[in-house]
Every structure is written in C-alpha cells, then in structure tokens.
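Protein sequences appear in the order of chains A and B. Mapped onto the numbering used here, the consecutive letters of the first sequence carry residue numbers 452 to 851. Mapped onto the numbering used here, the consecutive letters of the second sequence carry residue numbers 83 to 632.
In short, the hints are calculated from the structure, not lab data. Incorrect hints may appear among the rest.
[As the list claims (entries may be wrong)] In silico BS3-like pairs for lysine-lysine, Cα to Cα no more than 30 Å straight-line:
hint, chain 1, residue 1, chain 2, residue 2
1, B, 277, A, 542
2, B, 133, A, 492
3, B, 270, A, 506
4, A, 506, B, 133
5, A, 494, B, 210
6, A, 626, B, 382
7, A, 542, A, 630
8, A, 542, B, 293
9, A, 494, B, 113
10, B, 293, A, 579
11, A, 506, A, 542
12, B, 277, B, 293
13, B, 382, B, 210
14, A, 630, B, 235
15, B, 210, B, 113
16, B, 133, A, 494
17, B, 270, A, 579
18, A, 492, B, 113
19, A, 494, B, 382
20, B, 113, A, 626
21, B, 374, B, 210
[Stated by the list, open to error] Label pairs and their computed distance ranges (CB to CB):
hint, chain 1, residue 1, chain 2, residue 2, range
22, A, 546, B, 433, 39 to 45 Å
23, B, 149, A, 832, 44 to 50 Å
24, B, 609, A, 793, 53 to 59 Å
Glycine is no exception: its CB is placed at the ideal position from the N, C-alpha and C atoms.
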Amino acid sequence: MRTLWSCAVACLCLSAVVRPAAAQDQPEPATRAGQIEQEQKAKVLHPYQPNQAEKWLNYAESTLTTGSGFHPFFISAYSGGGFTLGAGYLKYISPYNTVDVRGSLTFSGYKRIESEFIAPQLLGGTTKLSVLGGWRDATEVAFYGIGQDSSKDNRANYSFEQPYASTLLTIRPAKGLFKMAAGVEVSQWQSGSAGGRYPSIDTVYTPATLPGLGAQPTYIHTQGTLAIDSRLAEDYARRGGFYGVTFHDYADTDSAFGFERIEYEAIQHIPILRDTWVLSLRARLETTSQKEDQEIPYFMLPALGSGSTLRAFSSWRFRDRNGLLMQAEWRVMVNRLLDLALFYDTGKVTAHTSDLSFDGLKSDFGLGVRFHGPMSTPLRVELAHGDEGLNIVFSSSSSF
Amino acid sequence: MSLSRIRSASISCLTLILALAIAPVFTAGPKFYPDDPLQREPESRDASGAKEWDIGLMYEISMNLFVVPRHKPSNTRAGNVNTIDELPDSSWFTNRIGRLPLRAEDIQRGPNTGKPPASERWVIVAEKQGGAKPGFTAEDANGDTWFVQFDDKDRHEASTGAVEVATKIFWALGYNQVETFITSVDPKRVDFGPKATVRRPSGERTPYTRKDLEAVLARAQPNDDGTYRAVAGRRLTGEVLGGFRYSGTRPDDPNDVVPHQHRRELRALRVFGAWTNLTDLKAGNTLDTVVKENGRSIVKHYLQDVGSTFGTANGIYDWDIGYEHFYEGDTTAKRFFTLGFGLSPWQTVPYTEYESIGKFEGDRFDPRAWKPQTATPAYMEMRADDAFWAAQRVMAFTNELITAAVHTGEYSDAAAEAHLVSVLMKRRDKIGRAYLPAINPIVDPRLDAGGALTFDNAAVRAGFAEAPTRYRAVWSRFDNAAGTSQKIAETESNSTSMTAPKDLPAAPGSFIQVDLSAESAANASWREPVHVYFRRAASGWTLVGLERLP
C-alpha cells in the first residue's frame, strides 16, 4: 500500500512540474475554433502502422486471393489412409496457368507426391486442362472379401505403389450447364503384401481365389464424361444438380486385367424456405465389365464404405463388380460459414447388374458439421452409425 | 502487496505522468465561446503529408464480425457536434436536407455539377478496382475519366439504378458523393488505352484486351440493341488515399482529431443505412482524397459506393441481408440446436420482388433491428441523440423529394419505380416513429427579445406522438465561465410557447439556461429535460447551446 502512496505522491509532484510548463506552451484559446485548431496542431503525425494481427490477415488475404505460394494439402494417397498432413507450393507460370507441387503423409504411412499443371482458361475460358504426374504409396489398404456379405472380421491388408501420369480436359461449352470431360492416364499398380494389425492379403488368398492378387498391371486408362451440371460449385452447393455419366476404359498393356467401368451419377440440391434447409439427394450406379479373356483385379472393383459413401463403414468395406449408392442429406444453414447435416446412406455391391435392386442394402445414418465458403468445404466432420458401429469422418471436401 | 499489483500500480503512475506531460493542457475554459455554435469544423492544418493506405478486407471483416459486436458502447456524446447538437460542415459532411430548402430538382441534380459522359465512345484506361459488379474505368469522347459499372446479369437496372438513386439520397443527407450519371456503353465503340492493364490471377499485369471486355460484359445485362446500360461515376480530383476506417483517426491527417466511431455522421449511418438498406459498410466503399481548399491541402472523405442499397445488396439467393450480420453467435446457436427450426424474421418476411429493385420491403421493416453485413465501431456507438438527429433528416424527405430521387434511377418499369418510392416512404415513417419519440423531442427553441419562448416537438409535428399534456421550463442564470447555473423560476404551458419570467438578465453577454421537458403519459423519456442555453445580445437572445442527452 505504501508503494501506491509513493507513486501517487510522485505523480502529483511531477504533474506540478509538468503542468505549468505545458500551460505556458498552450495558451488558452479564445474561440471554439481556436480550441480545435490547437488540438489539431498538437496531433503527432505518423504513418499508419498495422498491428501484428492485421499484418497476418493481410498476408493471408493476399495468399488466398492469388492462391500462389505454400498451401496445406490434406488429400491422402488413398482412401482409408487416416489423418493426413501435407503441403504444396503453387506457382503461376503465366497469367492464368499454374504448377502445383505437393505431397502428403498419413499416420499409417501413406505417401503421395505429385505435380499438376493446370491451364484453366483455354478456349475463351470454356476449357480447363490438367496434366498430373506423381507417385503414391498406400501401405495398409483394407480388403474384406468380395460381395455384400463379406465380414468385417475378415479384413486383410494389401499395399500398392503407383506411379501415374494423366491429362484431363474439361469443357463447359459457352460456360453453360453442359459439361464434358475427356482424359487419359498411364499408371502402374504395383500391388503387394502389407503389414499392420491385419493379415497380409497374400496369406489369406491365392491368385486362384482372388483375381489380381500380386498383379502389377500397367493401365492406359481413358475416360469420357457427359453431364449437365447446374450447381454453383462442385464442392459446395445449395441448389442445382448434376446428372452425368462417365465411361472408363482400363486397357492393360499385358491384356490380362482390362475392363470397362461406367458410372451414372445424379445429384440434386433442393433448397427449402430460403435455404434454411437443403434436401440433397445423390444416387450413383457403377457397373464394370471385363474385357474378353481378362479379369478385373480385386483392387479395381467398385467399392462402398468411406467418408463420402457409406460413412459408418470402413473404407473399402464392400467390393464387387457393380455398386449402387443412394444418399440423402438434410442440410441446415446455421450461418454463412457453417452447415449442419443429418444424413442417410444406403447401398450395395453386386456381382451381377441384375442383382442391383433395393433388397439387402447396407445403411447408415448420422450427423455432421461442415465449415464452408461460398464454393468449397474445407472441413467436414461427421459421426455416422451403421450395423458395424460408429465411425467418425474427417474430410476436406463435401460429401457430394 | 503482490509483485503484479506493484507493477500494475507503477505502470498506472507512469501512464498518468506521461499523459500529463504530453497532453495539451488547457485551463478550464468557458462553456461557450464567442464563435459557438460552430457552423464549420476547423481544418487548420496542411494534410499534404497524408499517404495512401490499403485497408485489408479480411482484417476489417474479421474485426467487425468477431470483435466489434462484443464492444460495449461507450455512451459518449458524438465528438464532432457543435454546442447546439448539430453537425458543423466539414470535409466529411455538408448540411443539406433539414438545413437547406431542397427542391426536387436539387435532389435530382445531387452532386452533379458537370456534363454527363459523352458515351458515343469509350476508351478503357483501367480495370475496375474492387466491388462485385462488372465494370471498368474509361475515358468518354470528351476525354473525361469515369468509373463505369454495369448491372449484373438477370438484374437489369438494379445496380445502376441503386447507385444513381442512393447517390442522390446520400448527397442530400450531407455526405460527399461522386458525380454519377446513367449512361450506356456500345461494345463496338470501345477502345483500349495503351496503359490499360488487367491484373491476372498470377498478379501479373498484362494489357487490357477485347477478350477482357467480353469477360466483363458476359457478367453484365445487355439491352435489346446490344448496348449496355451503365452508371458512370466521375473520377475524383486529388490524390487518392484509400478508404477511411470506422474507428480511430488517420494518423497522418492533422485535422482528423475526432475518433471516427464518435463522428455523428458515421454513427448516423445506422439510421440512414436502415432506411436505404445500405448494408455494405466497409472501408472499401469509402474514399479519402487530398484536395486543395483555400490554398491548403485537406483530406476529403467520401461515401464512395452506396450502390449496395435497397434490394440489390441481397443476391438472388440471399434473404438475410439487412437482418443479420454475416456471423452472429446467438442466431448460429439457435439454428444449430433447433436444426434450423428456430426461424429468424428474414426467413418469412414477404417480398414483392422486382428485378430492378430486389428484396426491399417496408411493412415488416424494423429500423432498430436492421443490421449491416458487419458491425462497424461507429454503428455500435450510435446513441439515441444521434438516431434522433438522423431521423429528423430522414423525415425531411417529403414524398415529392423521395419520388424525385427515385426517378433519377431511370427505371423502365414504372411499377418497380413506384414500389421503391412506396417502400422508402414506409421505411422513412418507421424510422421517424422509432426514433423521434424515443427521447425528449423538443427542437428549434427560440427566445425573442420580449421574452417569448417558442419551440417545436419533432415527434408531434411528424404525427408520431400525441402532444404532451404540458411543457415545463426551468429558467436559470448561467455563469459561462464557471459552468454553474442559478435557478430563476419555473414556467409551464400546454403549448409549444411560453413566456419567460420577468427577471432574466438583460446585460449583453449574459447567459441563461432553460431546461425544457414535457409531460407525456406515453413517453416517459420526455420528462428528461433538454438543456437549452441562450446568450444575450443587444438585439435579443441567441441560441448557443442544446444538450438533448448528457
């Protein structure tokens, strides 16, 4: 307390010294204008100095505006890799065209490194060209057997490494609703045994019981898409729809594992009461057909189970030659940056297209939150429940 | 005493000492100076040293969404009002409506003093800086430079009309506005200046090409004949410094001594914004320039872009603009925990929507509940006396003046124009009803040499309140040097005039204080007196002070 009093006394003494001197410098103004002018005269001028938070946000704004420079990259080498960390560096090499070099690593050791060239403004802004090359390594990919009736307890693991190079041309004529895409990819799937908590696949199956086991096919994969897309953006939309079909041809250079796959997909977002809610519906059908005298390797079969299909089921939980998926979400607009969603997923895989019915579907439901911008969903966190228990989904993209 | 307390006490002492050392020290001056009430804010210092700054949008929005709304208003009187609670003219504001007898043609002319653009030829000299609407900067056939802005696709006449009409309204309200005209652009008669460039996504600047023009026009709404309706704003003279902030002062402008959150004209944007639905209150829509006035450089402050008004601030799929900030914790929680069933007013308000006007209505409008996209510090600091002042100006817009202002939008749809006029009238009246009776509404006190005191009641005059049962005046001698008063007498009246007591001081230079209150069962706040001060001159009494709120 004595310290406080000492301070107060010191203050009084000092102020007694200071005040008369200052008062002599500042004669009392005789007018209101004079009073204000004296205040203006006394103002100490200096350039504006942004604080640290402002500097950081200005830097972030500048980075986000151009997108160039270092950026986070959360895409795993392969679905099921778990929590992913990664980074990339994007550089403009012309006014619009970019090259992005990026890589990621998961806690379970999945690795991806790749580089992508994108020319987004070709042919008057109607056409986007992507050229991608890279390598990935998935060390513990789950395999539960083939078919809808496979057991969760029969998990085995396989691994693969894959160098790949691809090009994809996406065209929106007149920047309208129609969307076309065509691409070609060359890649080699170097599948093999795996470690981890589960038995390696080659200890459970043989090439005779599991087509493609130990295979290392080199594919020339061509694809073409025709679609009508009325969504504002692929990664976040509250209205509009996508109706498309994509044809894939996988030509094995050794003519052993060639096949074709067709994906039919329909998405519709239906806003309700001024976007208070959005009913979002998705249906996807995948069919495959092997080329003459060739087989479809197990690791290339359509699959269900992951953060964007059957969300309560593990990645790659169900595999077979055909797949049917139907999803419904009741999205709640909480604010401009956050959505809440109740969802229901159902689907099945079958050996024959004739079995693609609504019988025997696997289903789940759940609740999730999505942090989003006007056109993207940087973070989606969901809790899903199904026959095989609970599953938590973390994703850096929208569900559909 | 703990170390932290000792440190805290020491810091307090040092701060006090420093404050005493550097602050200008005035001995207690009189309450009123001979030049009160000021009619013009002094701007005595040369501001030529002020430099351009860039106010980051992300920082400003983050602050205004997450920090500013938590700020508890200081409840301090606006710092730039004069002693009679009015705004002196300044580099920010010029008294027009409510002070000048504006006619319809005055409003329609607004800030325009020069000729409209010669639109038979345009030469693009720069790409558009900021703003979501398509446009560019171009020279017209006369060589004058204009900021040209188009309507969004499928919103014919919306953006251009809003800019034109709102510019006239905000000019009449007193803000510095850019000269604007509705014009047209024929793409076939557009050329490109040698220095015109476009900043590409890479950050590189390359020459402006016809493809760039086509990209701009692809977002705009064409007329049937292939031309484009546009609004052209004349380029301001003077050195451009960037926008102004809604808080603090410019550290490089010596004349800027009142923190912006305490400037009444910026606080009042909460009312004017509600009236016109000017929701985009950000620095990017303002502009400071250094101009020469009376041989001295001063910073002049513009509300540069008032185009996000009426229903145009709402996108086609936006309904919450004007009702909620971009982020609010309580509505977020409500919608989250009720799965969206906890509805907000904007989700059910009915609109009669016109393409050129957008979502703009007056029946459910509540001026007190209106919100801009983000809260500014000035918005947060508005007090009842600021709102009262602003509401008087809104109410000064007669039906004729509103109709005249809206007509400058050159809307081709007469029904849309009539709708905008009608909604502005409804919203005007709701503002008057909300803010005029809210505090003691006594205005325009006058005391003649014979001792007859007259005044007016703004709320009663506008028809928004019943006349009070009686008015009461407490008369006092006022010692201007000491700031003390000595009661003389009390008088009462059931009208807006009463006679002063006989023993008022008669010496020139003497002051009296009159505390005017009203007895109204419906408006208890009217019992709080307005403090009015008169100075005796040879010819009679002059109003020198009015304090509606302490």
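Hints not upheld, ascending by number
Hints 3, 5, 6, 15, 20, 23 contradicted; others consistent.
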